[in-house]
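> So you can see what is in the structure, the chains are spelled out below.
Protein chains: 2
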Amino acid sequence: MDQPSRSAGTVRPGGRTARVRAAVLEATQNGLVEHGFHGLTMDQVAARAGVGKTTVYRRWGSPAGLVADLMTELANQSSSHTDMGTVEEDLRANALSVQRALADERLGSTLQAVIAAATCDEQAAQALRSFYLRRIEEWAHVVDLAVKRGELPEGTDGREVVRAVSAPLYYRLMVTREPVTREDAEASVSRALAAARAGAFVRP
Amino acid sequence: MDQPSRSAGTVRPGGRTARVRAAVLEATQNGLVEHGFHGLTMDQVAARAGVGKTTVYRRWGSPAGLVADLMTELANQSSSHTDMGTVEEDLRANALSVQRALADERLGSTLQAVIAAATCDEQAAQALRSFYLRRIEEWAHVVDLAVKRGELPEGTDGREVVRAVSAPLYYRLMVTREPVTREDAEASVSRALAAARAGAFVRP
Chain D
1 MDQPSRSAGT
11 VRPGGRTARV
21 RAAVLEATQN
31 GLVEHGFHGL
41 TMDQVAARAG
51 VGKTTVYRRW
61 GSPAGLVADL
71 MTELANQSSS
81 HTDMGTVEED
91 LRANALSVQR
101 ALADERLGST
111 LQAVIAAATC
121 DEQAAQALRS
131 FYLRRIEEWA
141 HVVDLAVKRG
151 ELPEGTDGRE
161 VVRAVSAPLY
171 YRLMVTREPV
181 TREDAEASVS
191 RALAAARAGA
201 FVRP
Chain F
1 MDQPSRSAGT
11 VRPGGRTARV
21 RAAVLEATQN
31 GLVEHGFHGL
41 TMDQVAARAG
51 VGKTTVYRRW
61 GSPAGLVADL
71 MTELANQSSS
81 HTDMGTVEED
91 LRANALSVQR
101 ALADERLGST
111 LQAVIAAATC
121 DEQAAQALRS
131 FYLRRIEEWA
141 HVVDLAVKRG
151 ELPEGTDGRE
161 VVRAVSAPLY
171 YRLMVTREPV
181 TREDAEASVS
191 RALAAARAGA
201 FVRP
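Keeping their order, the protein sequence lines are chains D and F.
Reading the first sequence from the start, the letters are residues 1 to 204 in our numbering.
Reading the second sequence from the start, the letters are residues 1 to 204 in our numbering.
Honestly, the hints are just simulated from the structure, not real lab data.
Remember, predicted model here, so these are calculated numbers, not experimental data.
Backbone N, C-alpha and C fix where the C-beta goes; we use that ideal spot for every residue, glycine too.
Hints may contain errors.
Covered stretches of chain D (in silico footprint by chain F; criterion: 3 or more residues with CB under 8 Å from a CB of chain F, positions within the stretch not fixed) [as the list claims (entries may be wrong)]:
{"#": "1", "segment": "130-138"}
{"#": "2", "segment": "157-170"}
Here are some chain F residues pointing at chain D (derived, C-beta under 10 Å) [as the list claims (entries may be wrong)]:
{"#": "3", "residue": "His35"}
{"#": "4", "residue": "Thr41"}
{"#": "5", "residue": "Thr72"}
{"#": "6", "residue": "Leu74"}
{"#": "7", "residue": "Ala75"}
{"#": "8", "residue": "Gln112"}
{"#": "9", "residue": "Ile115"}
{"#": "10", "residue": "Ala164"}
{"#": "11", "residue": "Ala167"}
{"#": "12", "residue": "Pro168"}
{"#": "13", "residue": "Arg172"}
{"#": "14", "residue": "Ala187"}
{"#": "15", "residue": "Ala200"}
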C-alpha cells in the first residue's frame, strides 16, 4: 500500500493516480453490492474501472486488498463526531448516522459484504477492525467530555458506551436480519445512557 | 422439507433416514467450518456423508437448504432457558451460553459462516432469523417472570432485554472482530439489567 504511485496520488490530488484509485474503489464497491465479496474478481474490477489489470494487481494485490482500501476511504468519508453540548444529543447523532448507513442500500450492502468477507479472510477482517476501532475511538471522545462535564460517572468507559449504542443495530442487521429503524437507534441510545448513568460502564 | 422420507425418519428415530440426516448435517457443518458457505457444495457434502448425491439433492435441494436444516438441528440442541430465581442469574446463564457458543471453534465458525451466508442468500437468512427469534422468544420468558416477581418495571420488553444481552457479544465477534470473553458476557448482563431497572426497556 506504500508504492510510490500511491504517494504520487496523495501529492497531486485529482491527478491521474487519484482518479484511478477513485474508479477502482467505485468498481470495488459496485462489485461488493452486486455479488458480495466472493463474486469480487480483480479482472472484473479492472474492466469496470477502465483500468489495466496489471495496475490493479500491482497496487491492490487481491480482492481483500481492494476491500481494505475501500474501508480506508469510507473511514475518511465518514462523519466525524459531534459536540452538541449534551451526551444524549451526541450519542443520538452517532446512532442515527449508524442507522442511516445500515439502512442505506449501497452502504449497508457494502458493510454487510465486508463483514461477511471478514469471516473467511484475515486482510478483510483487519480492515474491518481498523475501520470500527477508529470510529469507536473517535466517538468515545463525546463520552469523555460528558464525564468531564459531570453528566456521567467518573471512570465511565467511553469506548464501551459507543459499542453499546451500535451493537443492537448491527445485531438486527446481521444476526436476526430485522429492519434497523430510527426508533431502534433512539432506543439504543436511551438504554446505553440509562446504564451509563447507573454506573454500569464504569471501568472495574 | 416435508417429504415422506423425512417423516419416516421422524417416526423411526435412529432409523436409516435419521442416520442419513445426521451424517449429512455433520458433513454440512464440517464444510461450513472449513470453507465457509461459498465453499459448500452438494457433491462434497454427499461424498463426505457417504450418501448418494441424488438423496442429498432430493431432500435438501441446495446448500442453503442444508444450512437451514442444520440451523433447525442446532436450535433443537441448544440449551433451553433457565429459571434460577433471579433475573440476574438467568440472564447470566443466557449470556454465558452465547459466549461459549461464539468462543467455541466449531460452533462459532458455523454461526459466522451462516451469518455470512445470510448476507447473500435469502433461505440462509430465513433460517438464521428463525433460529434467533426462537431463542429470543424463549429467553424473554425469564424477563417476563422477573416482571411478575416485581424485579423489573411493569411493561419491560423481555425480547428487547434478551437482544441487548446478546448484541454486544455478536458485535465483537462479527464487526470489531475482537475476542468475546466471559467478562464481556458479564458486563453485557450488568448493563442490560441496569437499563432495564431504570425503565429503559419499558414499551412506549
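> Does each hint fit the structure? Answer for all of them.
Results of checking the hints against the structure:
1. 130-138: Result for this restraint: holds, n = 3.
2. 157-170: n = 7 at 8 Å, threshold three: holds.
3. His35: It holds, given that the least Cβ distance between His35(F) and chain D is near 8 Å, below 10 Å.
4. Thr41: Cβ of Thr41(F) sits 13 Å from chain D, so the hint is violated.
5. Thr72: violated, 16 Å
6. Leu74: With a minimum Cβ separation of about 14 Å from chain D (threshold 10 Å), the hint on Leu74(F) is violated.
7. Ala75: Interface hint status for Ala75(F): violated (14 Å vs cutoff 10 Å).
8. Gln112: Holds - the Cβ of Gln112(F) comes within 10 Å of chain D, reaching about 4 Å at its closest.
9. Ile115: The hint holds - Ile115(F) has a Cβ within 10 Å of chain D, the shortest such distance being about 6 Å.
10. Ala164: holds, 6 Å
11. Ala167: Holds, about 4 Å.
12. Pro168: Holds: closest Cβ of chain D sits about 4 Å from Pro168(F), inside 10 Å.
13. Arg172: Cβ of Arg172(F) sits 8 Å from chain D, so the hint holds.
14. Ala187: Where the cut-off is 10 Å and the nearest Cβ of chain D is about 7 Å from Ala187(F), the hint holds.
15. Ala200: Nearest chain D Cβ about 4 Å off; hint holds.
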